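Visitor: Below are the chains, spelled out letter by letter.
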Amino acid sequence: MMEYEFDAIVVGSGITGGWAAKELTEAGLKVLMIERGREIVHGDYPREMKAPWELPFRGRGDTQRYKRDHAVQMLNRHFTEWTEDHFVNDRENPYELGADSAFTWFRSYQLGGKSLTWGRQCYRWSDYDFGANARDGMGTDWPIRYADIAPWYDKVERFIGVSGAAEGLAALPDGQFQPPFALNAVEKSVREKVSAQWPDRRLTIGRTANLTQAKEEEGRAPCQSRDICNRGCSFGAYFSTQSSTLPAATKTGRLTVITDAQVEKVDYDPATRRVTGVRWVNTKTRERKSATARIVFLNAGAFNSVHLMINSANEAMPGGLANSSGVLGTHIMDHANTLSAVALMPGFEGRTSFGNRPTGVVIPRFRNLDKADGDGFTRGYSFQGGALQSGWGRGKKQAGIGADFKRDLRGPGAWRMVLVAFAESLPRASNRLTLSKQVDPLGVPQLEIHFAHGAGELAALADAKREAGAMLTAAGGQVLFGMDRPGPGGTAIHEMGGARMGHDPKTSVLNKWSQAHDVANLFVTDGAQMASSACQNPSLTYMALTARAVDHAVGLIKAGAI
Amino acid sequence: MQQLRHKQPTATRREFLAGAAIFALATGLPVPAMAAAPSPRIALLLKTVAQIVIPRSDTPGAGDVGVGAFLSLAFAHGMEGAQGYDLWLDQELNRRAGRDFLALPPAQRVKILGQLDAEAFPAGPPPAVPSPWVAIKALILTGYYTSEAGASKELQYNLIPGRWDADIPLKPGARAYSSDWTAVEFG
Ligand SMILES: Cc1cc2nc3c(=O)[nH]c(=O)nc-3n(C[C@H](O)[C@H](O)[C@H](O)COP(=O)(O)OP(=O)(O)OC[C@H]3O[C@@H](n4cnc5c(N)ncnc54)[C@H](O)[C@@H]3O)c2cc1C
Ligand code: SF4
Numbered sequence: 142m143m144e145y146e147f148d149a150i151v152v153g154s155g156i157t158g159g160w161a162a163k164e165l166t167e168a169g170l171k172v173l174m175i176e177r178g179r180e181i182v183h184g185d186y187p188r189e190m191k192a193p194w195e196l197p198f199r200g201r202g203d204t205q206r207y208k209r210d211h212a213v214q215m216l217n218r219h220f221t222e223w224t225e226d227h228f229v230n231d232r233e234n235p236y237e238l239g240a241d242s243a244f245t246w247f248r249s250y251q252l253g254g255k256s257l258t259w260g261r262q263c264y265r266w267s268d269y270d271f272g273a274n275a276r277d278g279m280g281t282d283w284p285i286r287y288a289d290i291a292p293w294y295d296k297v298e299r300f301i302g303v304s305g306a307a308e309g310l311a312a313l314p315d316g317q318f319q320p321p322f323a324l325n326a327v328e329k330s331v332r333e334k335v336s337a338q339w340p341d342r343r344l345t346i347g348r349t350a351n352l353t354q355a356k357e358e359e360g361r362a363p364c365q366s367r368d369i370c371n372r373g374c375s376f377g378a379y380f381s382t383q384s385s386t387l388p389a390a391t392k393t394g395r396l397t398v399i400t401d402a403q404v405e406k407v408d409y410d411p412a413t414r415r416v417t418g419v420r421w422v423n424t425k426t427r428e429r430k431s432a433t434a435r436i437v438f439l440n441a442g443a444f445n446s447v448h449l450m451i452n453s454a455n456e457a458m459p460g461g462l463a464n465s466s467g468v469l470g471t472h473i474m475d476h477a478n479t480l481s482a483v484a485l486m487p488g489f490e491g492r493t494s495f496g497n498r499p500t501g502v503v504i505p506r507f508r509n510l511d512k513a514d515g516d517g518f519t520r521g522y523s524f525q526g527g528a529l530q531s532g533w534g535r536g537k538k539q540a541g542i543g544a545d546f547k548r549d550l551r552g553p554g555a556w557r558m559v560l561v562a563f564a565e566s567l568p569r570a571s572n573r574l575t576l577s578k579q580v581d582p583l584g585v586p587q588l589e590i591h592f593a594h595g596a597g598e599l600a601a602l603a604d605a606k607r608e609a610g611a612m613l614t615a616a617g618g619q620v621l622f623g624m625d626r627p628g629p630g631g632t633a634i635h636e637m638g639g640a641r642m643g644h645d646p647k648t649s650v651l652n653k654w655s656q657a658h659d660v661a662n663l664f665v666t667d668g669a670q671m672a673s674s675a676c677q678n679p680s681l682t683y684m685a686l687t688a689r690a691v692d693h694a695v696g697l698i699k700a701g702a703i
Numbered sequence: 002m003q004q005l006r007h008k009q010p011t012a013t014r015r016e017f018l019a020g021a022a023i024f025a026l027a028t029g030l031p032v033p034a035m036a037a038a039p040s041p042r043i044a045l046l047l048k049t050v051a052q053i054v055i056p057r058s059d060t061p062g063a064g065d066v067g068v069g070a071f072l073s074l075a076f077a078h079g080m081e082g083a084q085g086y087d088l089w090l091d092q093e094l095n096r097r098a099g100r101d102f103l104a105l106p107p108a109q110r111v112k113i114l115g116q117l118d119a120e121a122f123p124a125g126p127p128p129a130v131p132s133p134w135v136a137i138k139a140l141i142l143t144g145y146y147t148s149e150a151g152a153s154k155e156l157q158y159n160l161i162p163g164r165w166d167a168d169i170p171l172k173p174g175a176r177a178y179s180s181d182w183t184a185v186e187f188g
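Respectively, the protein sequence lines represent chains A and B. The first sequence begins at 142 in the working numbering and counts up by one. The second sequence begins at 2 in the working numbering and counts up by one.
For the record, the hints were derived by calculation from the structure and aren't laboratory data. Please note: incorrect hints may appear among the correct ones.
As the list claims (entries may be wrong) - Part of the chain A face toward chain B, derived, beta carbon under 7 Å:
#1 193
#2 320
#3 362
#4 363
#5 431
#6 433
#7 529
#8 532
#9 542
#10 553
Predicted, not measured: the structure shown is a model, and the values here were computed from it. Using N, Cα and C, we set each Cβ at its ideal position, and we do this for glycine too.
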């Protein structure tokens, strides 16, 4: 019988790794969490409080340096002089693209991962989503339904704190909400006018992991309405690993954290058909080390977990770890994402708001629910956006100089409403991850991404543009422009799939417990496990599936099965 | 950028800058911000132009709060794609003036810059190839409204509002919030 150093190893400390560590340690396990990025201590967010005039490039950053070191990350509007330390250096973390592929891979390699930089939108999936593959035959059927995950959604929402409004919509189930942020005058009016004309469409406030009520037991204060969350929040008012799961896991006394450690392989013992631990490279000293554990959780972020599995190919598993099906790396997805409409909203000139609400609004999916009403597409899309008054930046597009111009820019500008579409990305075998022949600076083979959006996604976005325009026009707006072409893959920052869950070990990598069909003590509970993408932001579902998988794993350990 | 010519004496400085950037790339050293120091003439021109776009009123103007220096930094680092636009501006204003723009009486300068601005922002759809002035003006506004005076005196700056009031009356003459990040970002 092997002596293990740890009961469990968790690879990655982001949204799902933090959850795995919390749940495993709270269940009594001794856990090692390994993170490739640097340590970030909660509250140590050096630019959080900086005014633009205190930064050399006034918050815009050094374009020259960005082009050199952050050529991909700089394409994302959340990447600024305040947040640049929370995104990767692309030069040091290269990846390859397949022929005819476009993919902007936005990444945060640090303690906390993308939990520090995420947009905090939290939406449940419904049975329209879990049943989607079975219904139209694209991809393989999910081995779970809403009833399997609902209690775990409850648990996660209560712990992280999600504010939102209950609406009773079948396509977007209600959750355990803290009080919602309110809609502004324009959004309220659009909600009413849209519902009057389209009873099946509902504009509601974004469901967001920003606290409207303190969680005192966890030392988290309510949100101060700043909307600068991805700088890091010393109030602990939005959910991050640092503000929420890491303190809980640390409190158990059973967590060990290693940072600056890039895991390159998972070790596998063909005799027992179990994984035995992982090995990593210290990114600073380049020293190579390893540790052993009874179970391994992969939470490195969807593509990185798949990368690790492919790179862990061994004699017994030449196609990659737990890849007897041959589907490892395939069927990756990212929501097709575009700005469907921007409209001027006259009639509210006398109204304004105070504070910066850290969420927009959402119009949940209304297409292809109980009737097939998509023109050229079988799934759905939803809108996020909001109404805002323009700021001084409007002057960049306007003629004028001098005193009148200055006076004109002093007050808030006209109200506009913006609707951004997220269309469901279909699982396709041709969208896949492979190992490149190139190696990264540490000598680890790079990931190669093959990705293109398909006809269904394009049809959905064409419909989204029409409908966004129609709704804003019906609400009294004047549409200024809209787009129906998606940004390159990765634009939605909802990359997922590659190690999908399924009933059948011949066509899927994981079973319904996020457990590898081929390796009983290996769990993959980040976005890699997704068999379809729905059109909701995915992280809440990843967290719920992680908590559920830990519960199952702990049960198996207690029963002596693993 | 095709319409830009680098025949000015300061091109040497630009080559030096490019050299400095390559050096920094090879060694990992940051490009020193001082490398952006412009000639005294260009510095005066940028300050003057910034002040004409946003003049002094009950709050300082753009030239008063260092937007000239910000422009030099921005041009040297290619913000808004405006690498080298200071040279274009100098040439273009002198061409329109028929002599040294800075030697014109103030009212003449305002007039010439006003014409340049009006041509860059014609009524109707924006021109397919924007005038370099569009980027320069964007940088002047950025420099001003992110300066302490522009952000917190001309406009209001509140890093920690502490609450969200969704729908309140807008008082006549109320100043906008430079800390309304979404508004700033989406113009
Ligand atoms: C700007 C932005 C906005 C977003 N908005 C939303 C939103 O509103 N709602 C939503 O649901 N989602 C949103 N997302 C997506 C969300 O952040 C991700 O879905 C989520 O973080 C995934 O969690 P994860 O644990 O799988 O990965 P991550 O949070 O990325 O964590 C993975 C961690 O693993 C580490 N790691 C990777 N490889 C290795 C390795 N080989 N060895 C050791 N460690 C490794 C990484 O450094 C990282 O810390 C957004 C993302 C961004 C960037
Ligand atoms: S908006 Fe709220 S959660 Fe975001 S940084 Fe500010 S206080 Fe923190």
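Visitor: Run every hint past the structure and note whether it holds.
Guide: We went through each hint and held it up to the structure:
1. Taking 7 Å as the C-beta cut-off, the interface hint given for residue 193 of chain A holds, the closest approach to chain B being about 4 Å.
2. Annotation: interface hint on residue 320 of chain A violated; nearest CB of chain B at approximately 11 Å, more than 7 Å.
3. With a cut of 7 Å, the hint placing residue 362 of chain A at the interface with chain B is violated, because the nearest CB-to-CB distance is about 11 Å.
4. Because the smallest distance between the Cβ of residue 363 of chain A and any Cβ of chain B comes to about 9 Å, over 7 Å, the interface hint for this residue is violated.
5. Checking residue 431 of chain A against chain B by beta carbon gives a least distance of about 31 Å; that is not within 7 Å, so the hint is violated.
6. The criterion of a C-beta within 7 Å of any C-beta in chain B is not met by residue 433 of chain A, whose closest approach is roughly 37 Å, and the hint is violated.
7. Because the closest C-beta pair between residue 529 of chain A and chain B is about 5 Å apart, less than 7 Å, the hint holds.
8. The interface hint given for residue 532 of chain A holds, since its Cβ lies 3 Å from the closest Cβ of chain B, which is under the 7 Å cut-off.
9. Against a cut-off of 7 Å between C-beta atoms, the interface hint on residue 542 of chain A holds, since the closest Cβ of chain B lies about 5 Å away.
10. For residue 553 of chain A, the suggested interface contact is upheld, since its CB lies about 4 Å from the closest CB of chain B, less than 7 Å.
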